[in-house]
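Asks: In case you want the letters, here they are:
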Amino acid sequence: MLKVNDKELNFTGSIKELLDYLKLNQSSCAVLVNGEIIKRKDWEKYLLKNDDYVEIVSFVGGG
Amino acid sequence: MNSFNLMLKNYFDDNLLQKLSRVKVLIIGCGGLGSHIAWMLIRCGVQNLKIVDFDRVELKNLNRQGYFLAQVGLPKVLALKDILTQINPGANIAITVEKIDDKNVEKIIMSYDVIVEAVDDEATKALIFEAAMKLNKKVVAASGVAGFGDCERIKIKRGRNFVIVGDFSTSVKDKKPYAPKVTAVAAIQADEVLRMVVEDE
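These protein sequences, in sequence, are chains A and B. Numbering-wise, the first sequence is residues 5 to 67 according to the numbering used here. Numbering-wise, the second sequence is residues 15 to 215 according to the numbering used here.
Please keep in mind that the hints were generated in silico from the structure rather than gathered at the bench.
Straight-line distance between alpha carbons at most 30 Å, and here's what the computed BS3-like set of lysine-lysine pairs gives:
hint, chain 1, residue 1, chain 2, residue 2
1, B, Lys-38, B, Lys-148
2, A, Lys-43, B, Lys-171
3, B, Lys-171, A, Lys-11
4, B, Lys-64, A, Lys-45
5, B, Lys-187, B, Lys-117
6, B, Lys-189, A, Lys-27
7, B, Lys-95, B, Lys-74
8, B, Lys-148, A, Lys-43
9, B, Lys-148, A, Lys-53
10, B, Lys-151, A, Lys-7
11, B, Lys-38, A, Lys-45
12, A, Lys-45, B, Lys-171
13, A, Lys-27, B, Lys-169
14, B, Lys-117, B, Lys-95
15, B, Lys-189, B, Lys-113
16, B, Lys-38, A, Lys-43
17, B, Lys-95, B, Lys-38
18, A, Lys-11, B, Lys-148
19, B, Lys-23, B, Lys-95
20, A, Lys-43, B, Lys-151
21, B, Lys-23, B, Lys-33
22, A, Lys-11, B, Lys-169
23, B, Lys-190, B, Lys-113
24, A, Lys-45, B, Lys-113
25, A, Lys-45, B, Lys-151
My request is simple: use the sequences and hints to build the entire structure.
Replies: Structural data, given as structure tokens:
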């Protein structure tokens with residue numbers, strides 16, 4: 005079980021696969037795992053573990 | 015010490031003034047957010063500020079951005095520096111005309127303590143956030159500033175070394191940006207910079 009933005013989620017796979025599963029626009033996302041930022045070039049190879057706390061920050065345009 | 019910096023002694027103790035004079039703040043993007051965040055931070059005693067933007071002031075910006083008709087056509091960083099210097103002539107304001115991408119982002123961020131993300135494009139926001147976090151900087155970002163009449167939806171999301179301000183949903187693709195809400199988010203971002211500077215030991 006993962007925690008993704010404070011909600012529990014039964015998921016195994018990489019960060020990339022998680023973002024695909026959640027159907028998020030990946031170019032506007034940043035991802036923290038257990039408080040550490042994971043750069044997008046590592047999303048494909050970074051495998052999420054049980055109890056990982058994943059925080060997905062999804063930006064919308066305007067500034 | 016100039017009269018502006020002397021005046022600040024009415025508002026902050028020496029310890030805090032010293033922190034404010036030492037911190038190096040970088041604002042990326044000088045539009046509706048950055049143009050307002052900059053003057054607020056200068057008024058609060060930030061002495062070392064770098065502003066980055068690749069754009070020029072356009073008439074269509076003036077519904078919300080902190081520029082004047084006579085400045086239309088000028089690079090935003092030049093127009094903004096002129097305004098900031100009129101507020102505190104003693105502040106050290108550096109400018110760069112550059113568009114941020116994945117090749118230059120780390121180099122631009124490297125030598126600053128607090129990074130204020132104030133750009134328009136969502137992918138660039140994510141890029142700046144990611145790079146600044148990776149370099150262990152303090153990051154103050156914004157997400158969701160468009161529309162009006164719903165400022166109660168503005169949230170402050172704080173984490174270790176970062177804060178994101180906005181309603182997190184209303185993009186400029188959905189609604190147009192207006193002065194009140196954009197400036198409200200800008201004001202909260204500036205306030206969060208102050209908090210981070212105070213808390214930094």
